[in-house]
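**Q** These are the residues of each chain, in order.
2 protein chains.
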Amino acid sequence: MVEHEDRLSRVFSALADPTRRDMVARLAAGDATVSELAAPYDVSLQAVSKHIQVLEEAGLVSRSRDAQRRPVHLDAEVFDLMTKWIERYRQQAEERYQRLDALLDRMQGREQDLTDRRNEGAAG
Amino acid sequence: MVEHEDRLSRVFSALADPTRRDMVARLAAGDATVSELAAPYDVSLQAVSKHIQVLEEAGLVSRSRDAQRRPVHLDAEVFDLMTKWIERYRQQAEERYQRLDALLDRMQGREQDLTDRRNEGAAG
DNA sequence: ACCTTGTTCAACCAAAAGGTTGACAAAGCC
DNA sequence: GGCTTTGTCAACCTTTTGGTTGAACAAGGT
Numbered sequence: 001m002v003e004h005e006d007r008l009s010r011v012f013s014a015l016a017d018p019t020r021r022d023m024v025a026r027l028a029a030g031d032a033t034v035s036e037l038a039a040p041y042d043v044s045l046q047a048v049s050k051h052i053q054v055l056e057e058a059g060l061v062s063r064s065r066d067a068q069r070r071p072v073h074l075d076a077e078v079f080d081l082m083t084k085w086i087e088r089y090r091q092q093a094e095e096r097y098q099r100l101d102a103l104l105d106r107m108q109g110r111e112q113d114l115t116d117r118r119n120e121g122a123a124g
Numbered sequence: 001m002v003e004h005e006d007r008l009s010r011v012f013s014a015l016a017d018p019t020r021r022d023m024v025a026r027l028a029a030g031d032a033t034v035s036e037l038a039a040p041y042d043v044s045l046q047a048v049s050k051h052i053q054v055l056e057e058a059g060l061v062s063r064s065r066d067a068q069r070r071p072v073h074l075d076a077e078v079f080d081l082m083t084k085w086i087e088r089y090r091q092q093a094e095e096r097y098q099r100l101d102a103l104l105d106r107m108q109g110r111e112q113d114l115t116d117r118r119n120e121g122a123a124g
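Chains V and Y supply the protein sequences, listed in that same order. Counting from 1, one number per residue, gives the positions in the first sequence under the UniProt record's numbering. Counting from 1, one number per residue, gives the positions in the second sequence under the UniProt record's numbering.
By construction, these hints were calculated from the structure, which means they are not laboratory data. Note that CB positions come from ideal geometry on N, CA and C, so glycine has one too. Among these hints, one or two may not hold up.
Covered stretches of chain V, going by a simulated chain Y footprint (3 or more residues, C-beta under 8 angstroms) [what the hints assert, rightly or not]: (1) 17-28; (2) 67-79; (3) 92-98.
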């Protein structure tokens with residue numbers, strides 16, 4: 001839709017592809033050239049080259065030069081961006097859940113069903 | 001490409017969209033109905049309905065029923081899946097980086113350039 | 001200079017994503 | 001019963017994505 005979306009979108013989008021996730025997994029064990037990366041997959045070298053481009057645009061990898069080879073290196077810092085985003089909302093959701101639990105404790109004597117949990121969540 | 005891809009692909013793919021990420025952020029503060037969720041965005045209710053479906057298929061949200069309303073609820077557990085994946089490879093990459101550092105320490109007297117760092121990473 | 005190896009660029013294609021509008025279902029309100 | 005609210009289904013359109021092939025570029029090796 002938008003030509004160049006925000007960082008987080010590109011990172012999540014890059015990792016949404018299983019082939020690219022697998023490549024990241026392998027790069028975590030050490031740098032690799034394009035053909036080394038391509039070896040296990042049943043697709044053209046060009047397709048792999050494109051995948052690496054996507055990872056690079058997401059800031060997940062960087063490429064150097066070694067003669068004709070273009071070694072691909074995993075840049076782990078971007079992971080922090082994701083982790084922060086995830087943790088933020090997970091914590092928020094968990095805190096909310098705990099507040100709900102506490103509320104349920106306080107009114108445990110009353111005959112209320114789960115609908116109350118949900119309603120409190122939406123309103124509070 | 002594949003009709004129903006693995007869980008992780010669907011989760012990352014779902015969060016690759018900024019609108020959906022925003023919806024998740026808002027749901028972390030409490031459940032909401034479809035129209036409540038749709039309100040801030042300049043798109044049709046149908047488009048929002050589709051977004052919610054994507055989040056649901058990714059296991060990020062679930063829907064209950066309250067009269068005509070379909071309250072959307074954030075399921076935080078799926079976040080663990082992502083976090084685990086991310087942490088695994090980040091740690092691996094960091095450990096590798098530290099081993100490289102240690103290696104560099106041991107051979108600090110020699111006149112070696114960064115190429116050695118890269119080569120060790122690819123071969124080891 | 002020429003060949004080989006490693007990688008990218010360009011054009012093209014099919015499928016998926018994200019949006020639209022129109023019709024319809026489901027449940028409360030008058 | 002009929003209207004209104006809330007949401008989904010279906011058909012359609014456009015852009016993006018992930019793949020293809022063929023040509024080209026880059027940098028040693030001989």
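**Q** The structure should be examined with respect to each hint, and the outcome stated for every one.
**A** Structure-based check of each hint:
Check result for the region 17-28 of chain V against chain Y: holds, 7 residues qualifying (beta carbon to beta carbon below 8 angstroms, three or more required). Using a Cβ-Cβ cut-off of 8 angstroms, 5 residues of the region 67-79 of chain V lie near chain Y, which meets the minimum of three, so the contact claim holds. Counting residues of the region 92-98 of chain V whose beta carbon lies closer than 8 angstroms to any beta carbon of chain Y gives 5, which meets the minimum of three for the stated coverage.
In this structure, every one of the numbered hints holds.
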